[in-house]
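Residues per chain, in single letters:
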Amino acid sequence: MRGFRALIVGIFALAVAGCASTPPEALAANDPYEQTNRDMLRFNGKIDRYVVIPTVGVYFILVPEGGRRGVHNFLGNLSLPTIFVNDMLQGEVTRGSQSLERLVINSSLGLGGFFDPASKMGIPGHGEDFGQTLAVWGAGEGPFLMLPFFGPSNPRDAAGLAIDAAIDPTNRIRFKQHLWWAAGREYFTLLDLRAQTYQTVQGIQRSSVDYYSSLRSLYRQLRNDQIRNGRAEGQDLPDF
Amino acid sequence: MQLSMPLMRRAVLAFGLMFAAPLALSEPAAAANVAENFVDNNIHKGLEILNNKGLSTAQRRDQFEGFLLGLVDVKRIGLFTLGQYRRTAPPADVDAFIAAFKNYAVAAYQSYFARYSGQTLKVTGSTERSPTDFIVATQLQDPHSSQPPLEVDFRVRTDTGNPVLVDVSVSGIWLSLEERDQFTAFLGQNNGNVRTLITHLSELAVNLDKPAQ
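Which chain is which? The protein sequence lines are A and B, in order.
Heads up, the first sequence is in our numbering, so the first residue is 1 and it goes up one at a time.
Heads up, the second sequence is in our numbering, so the first residue is 1 and it goes up one at a time.
Hints were generated in silico from the structure; no laboratory data involved.
Some clues are possibly wrong.
To be verified - Calculated cross-link-like contacts (lysine-lysine; reagent style BS3-like; alpha-carbon spacing at most 27 Å):
| # | chain 1 | residue 1 | chain 2 | residue 2 |
| --- | --- | --- | --- | --- |
| 1 | A | K46 | B | K210 |
| 2 | B | K122 | A | K120 |
| 3 | B | K122 | B | K45 |
Start from the sequences and build out the full structure, keeping to the hints where you can.
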């Protein structure tokens with residue numbers, strides 16, 4: 001499944017490389033593949049509308065809130081080894097030790113990660129990925145990309161997806177049902193994400209003058225915030 | 001020698017700052033308090049309006065509109081969101097845009113903040129960008145959630161005499177920046193025609209007033 005993701009990224013990179021004419025506004029927004037990206041957003045929207053949202057509805061009906069929280073915790077716990085590695089690669093020793101503590105506590109006391117006693121013990125969770133690590137190491141984001149199935153991204157973050165898949169220890173454990181396990185994990189990650197963001201995305205769609213450029217702006221601002229690991233001083237904001 | 005000159009410059013600068021700092025810091029510190037108090041007092045009022053179950057939808061909208069327009073510099077934000085098109089658009093179109101943006105902003109902000117029901121807001125500090133430009137940091141805590149508090153920042157300008165709000169950020173995402181990116185992209189796709197944007201904004205404002213399906 002992770003290999004499939006990397007393949008899609010590669011195919012998409014080739015597809016967008018073929019785009020010839022680019023409007024000046026798209027270049028100013030560091031989005032030379034804007035038309036292809038907009039087509040991809042329409043494709044993702046159809047997948048979301050006809051496949052993802054109906055199954056999110058079924059998920060809400062079949063699984064009560066406590067169960068959904070347990071699934072969310074379990075998936076978060078599975079990501080902790082990758083987060084730990086990226087913490088350490090960024091030199092964030094304190095955050096790295098938090099990730100390790102959360103993994104040990106939630107895997108044991110949290111019954112395999114379905115519960116989150118670590119947060120109650122004052123060890124907060126956080127996200128980290130190889131796209132952010134590359135940014136901390138000084139890599140620029142590159143042009144905006146709308147990936148099929150995975151949504152807003154850029155070459156740096158798309159490369160990060162592939163590296164994170166290689167880092168993830170659960171992808172290295174080979175067993176008979178590995179493919180089903182990997183597919184199920186991806187599917188539930190998507191369900192969990194969409195279940196959590198349903199209202200927010202609906203709000204953005206309703207209030208957007210241009211949904212595509214809204215997503216582009218939100219993604220860039222959010223990623224910059226994640227890379228900074230907290231509040232900026234605000235000196236890089238434009239004047240009014 | 002190449003190293004010593006910058007070091008000496010720094011030492012002189014530090015020495016100068018030792019004497020200048022108390023003078024320079026006293027006024028901005030007071031100004032920062034003005035910005036923090038402004039946010040602390042007013043955002044609670046806004047949340048009270050949105051959380052008041054005794055109001056009808058129309059009453060809540062009217063009260064929130066009055067509250068918002070007294071607090072936010074809508075014209076300044078509107079001009080900012082037009083980006084480079086502000087300079088090329090006819091003045092009459094810019095004025096019409098500001099009026100349409102006002103209606104859209106009230107509907108959109110009400111839609112955003114209506115989701116934050118029952119939460120409490122706590123001012124945690126502020127940063128001075130310039131003597132009249134502050135970012136006030138707050139935390140929005142949901143008493144019914146075990147999640148960490150949401151970081152919400154407010155950008156306050158004090159150069160017009162009274163403090164005014166010009167932008168709000170939730171988890172690092174600034175609303176006016178996002179609006180500018182959208183509007184300039186839309187205008188780029190419509191030959192810079194501000195009239196088209198005005199029509200679109202007016203339609204959106206009407207739709208946002210209707211309940212979500």
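Identify every previously stated hint that the structure contradicts and give their numbers, smallest first.
Those not satisfied: there are none.
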